[in-house]
Amino acid sequence: MKNNKIIIYIGILAIGLLLGWLLFGGSSKEEAGHNHNEVTQTNQMWTCSMHPQIMQPEPGDCPICGMDLIPAEAGADGLTADQFKLTANAMALANIQTAVVGNGSVENGIIKLSGKIAENEEANAVQVSYFSGRIERLNISFTGEEVRKGQLLATIYSPELYAAQQELITAASLKASQPALYKAVRNKLKLWKLSETQINQIESSGKIIENFPVYATVSGTVTEKLVEQGDYIKQGQPLLKIANLNTVWANFDVYENQIEQFKKGQEVNIITNAYPNKQFKGKVDFIDPTLNTKTRTVDLRVVLNNKEAIFKPGMFVTAEIESTKTNAKEVITIPSSAVLWTGERSVVYIKSNPNEPVFELKEVALGKKIGDNYEVLEGLFTGNEIVTNGTFTVDAAAQLQGKKSMMNKQGGKTMTGHEGHLGMDNNSKNESNHTNMNERLKVSEKFQEQLKEVYKDYINLKDALVKEDAKGSSQNATSLLSNLSKTDMKLLKDEAHNHWMSLVGDIKASTTSIAGSQDIKTQRNHFKHLSSHLIKAVQIFGVNEKVYVEFCPMADNNNGAYWLSKEEKVINPYFGEAMLTCGEVKQVIE
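Numbered per UniProt numbering, the sequence shown spans residues 1 to 590.
Derived from the structure by calculation, the hints contain no laboratory data.
Hints may be right or wrong, so weigh each one.
What the hints assert, rightly or not - As a list, the in silico DSS-like pairs of lysine-lysine whose alpha-carbon atoms are at most 30 Å apart: (1) K508 / K528; (2) K234 / K188; (3) K493 / K446; (4) K566 / K508; (5) K471 / K569; (6) K188 / K241; (7) K508 / K456; (8) K493 / K528; (9) K536 / K467; (10) K312 / K528.
Unchecked claim - Simulated DEER-style distance windows between Cβ atoms: (11) A163 / T143: 30 to 40 Å; (12) G230 / A509: 31 to 41 Å; (13) E590 / Q97: 32 to 42 Å; (14) L174 / R137: 27 to 37 Å; (15) Y215 / N355: 50 to 60 Å; (16) A509 / K546: 25 to 35 Å; (17) G230 / A578: 26 to 36 Å; (18) E167 / D288: 50 to 60 Å; (19) K263 / K471: 54 to 64 Å; (20) Q166 / E136: 16 to 26 Å; (21) E567 / V126: 45 to 55 Å; (22) K467 / A509: 22 to 32 Å; (23) R137 / T197: 20 to 30 Å; (24) G144 / S336: 21 to 31 Å.
Predicted, not measured: the structure shown is a model, and the values here were computed from it.
The C-beta atom is built at its ideal place from N, Cα and C for all residues, glycine as well.
Start from the sequences, fold in the hints, and give me the full structure.
This is how it looks when you write it as structure tokens:
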């Protein structure tokens, strides 16, 4: 009986275990799988297609531009600690462009030079008016318009011509008795470029032509309109600039130590990014007999046939010329648009993977500036691929992803003004701010106070740009120039003096351009350069107060631009009311 009870208990226990496994075992696995999915979903980050530096753990709107966030790509495997990746969409939207280093180098006996396409000045013409008057009708609507020789460009009402026609009609009736007067009047009209046919028509009809036509004297492309319909013009005043683009110039800078490598008539292969699979032939047409003492270069010119309109003025090109020496020194140059400066550092961004948008920061040592390029002394090699357009956007992405960047030498997250969305606490923000600080030079407090007055005028200028007050911007720029002239360079010694001397000229040039303009767009364009130079000055010397360095990635045609502010709140001077809060804090200077 007792054994039967034991058997019954064992059976009940076995049944209980079986039911427990059936009821809870499968659901445990299912729950584990469900939890795994939840973790996967939780790890999903969301980014902005326009601002790839923004990373949030949940969907929503971009804190910079308000666009809907999209799922971020999974973390890229195989990247080093300093490398980061951008999406193809972000690359396209920010117009990020790269180029392979090698311009100005000698490779396998071939010299490579970087240059730019320009109009053939010998084929250019300026269309002028041969008489004064008012433009009643201008038949040229826009620059880039094609014109043919003899084409009607404008009609002009001229009081002088009106009176001269009356003289002709009167002189015609007296030509038998006063032939000299008659001839003088006709010649006067010929000097105003009236044809024999026109003069004879006026004489025979006895009717005065009120509006005279102006015809094109050459064929070509209108490169600049110098007048508008309704303008009053003087005799000899330029109306249009017309360029014949059937031939163009390719201008190159040649280093002093390479001059002997070139001679007139030398064959040249021309390559352009617009047509990467084509090479164009040309010959050296001109070598400047004088040396540019600032850049230690001479200008070399190649004339190119452009009847198919392949080359556009302003287009970058590369020349390959066979070297006459095998031991020519290698010279590497890069476009100035590729370089970012902060303090004493010059940095570029290298595209680490030729097949993927993977980038990393690289410090470089620069030599002389050659036109729009810089000589690279250290840091790059022929074949490196670097960012040449959209550099500020790439730098912003590096900072937000905690990589080494222009203002963050060691890496680590930087303050953007939107960290609240990412769960960053205040202590983390403060630590991030201080890791960004550049080393400051010790200077006298008196100089700092003088620089502070310049900074105050800058802030007033910035506020005027926010309000789109062109007149106020000009006035504040004028005040800035006045205070800039009061800074005492004798207060600076050695390294500090050299730094200030390298900055003050650029600050003055940018501010002068703003003061002399009443166009808000032009002022903002120069404000971008002024900000760049003044940021360096405040970083190096200080103004004894907290200053915010702010950045808008959409300014300057999506190349990005910085500015200084007295407050953390972003108020954008580059767009005003259009995008008042677009931007982010990049650095806090104490």
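Quick rundown of the hints versus the structure:
1. For the hint pairing K508 with K528, the CA-to-CA distance comes to about 13 Å; that is within 30 Å, so the pair holds.
2. For the given pair, K234 sits about 17 Å from K188 by alpha-carbon distance, which is consistent with the 30 Å threshold.
3. Only pairs whose Cα atoms come within 30 Å are accepted, and K493 paired with K446 is accepted, the gap being roughly 14 Å.
4. A hinted pair counts as satisfied when its Cα atoms are at most 30 Å apart, and K566 with K508 qualifies at roughly 22 Å.
5. Straight-line distance between C-alpha atoms of K471 and K569 comes to about 25 Å, which keeps the hinted pair within the 30 Å bound.
6. Restraint check: the Cα-Cα separation between K188 and K241 comes to about 26 Å, which is no more than 30 Å; the hinted pair holds.
7. With a C-alpha separation of about 15 Å, the suggested pairing of K508 with K456 holds against the 30 Å cut-off.
8. For a cut-off of 30 Å, the pair hint linking K493 to K528 stands: about 29 Å separates their Cα positions.
9. This hinted pair checks out: K536 and K467 have alpha carbons roughly 25 Å apart, not beyond 30 Å.
10. Restraint check: the Cα-Cα separation between K312 and K528 comes to about 27 Å, which is no more than 30 Å; the hinted pair holds.
11. As the Cβ distance of A163 to T143 is approximately 35 Å, the hint placing it in 30 to 40 Å holds.
12. For the pair G230 and A509, the beta carbons lie near 35 Å from each other, so the given range of 31 to 41 Å is met.
13. Between E590 and Q97 the Cβ separation comes to about 36 Å, which falls inside the hinted range of 32 to 42 Å.
14. The hinted window of 27 to 37 Å between L174 and R137 holds, with their beta carbons roughly 35 Å apart.
15. The beta-carbon spacing between Y215 and N355, approximately 56 Å, falls within the hinted interval of 50 to 60 Å.
16. Restraint check, A509 to K546: a C-beta distance of roughly 28 Å satisfies the suggested window 25 to 35 Å.
17. The hinted range of 26 to 36 Å is satisfied by G230 and A578, whose Cβ atoms lie roughly 31 Å apart.
18. Under the hint 50 to 60 Å, the C-beta atoms of E167 and D288, about 51 Å apart, fit the expected range.
19. Under the hint 54 to 64 Å, the C-beta atoms of K263 and K471, about 55 Å apart, fit the expected range.
20. A beta carbon spacing of about 20 Å between Q166 and E136 agrees with the range 16 to 26 Å that was offered as a hint.
21. Roughly 50 Å separates the CB atoms of E567 and V126, a value that falls within the hinted 45 to 55 Å.
22. Taking 22 to 32 Å as the suggested C-beta distance range, the pair K467 and A509 conforms, at roughly 25 Å.
23. Checking the proposed 20 to 30 Å range against R137 and T197 shows it holds: the Cβ atoms sit about 21 Å from each other.
24. The hinted range of 21 to 31 Å is satisfied by G144 and S336, whose Cβ atoms lie roughly 27 Å apart.
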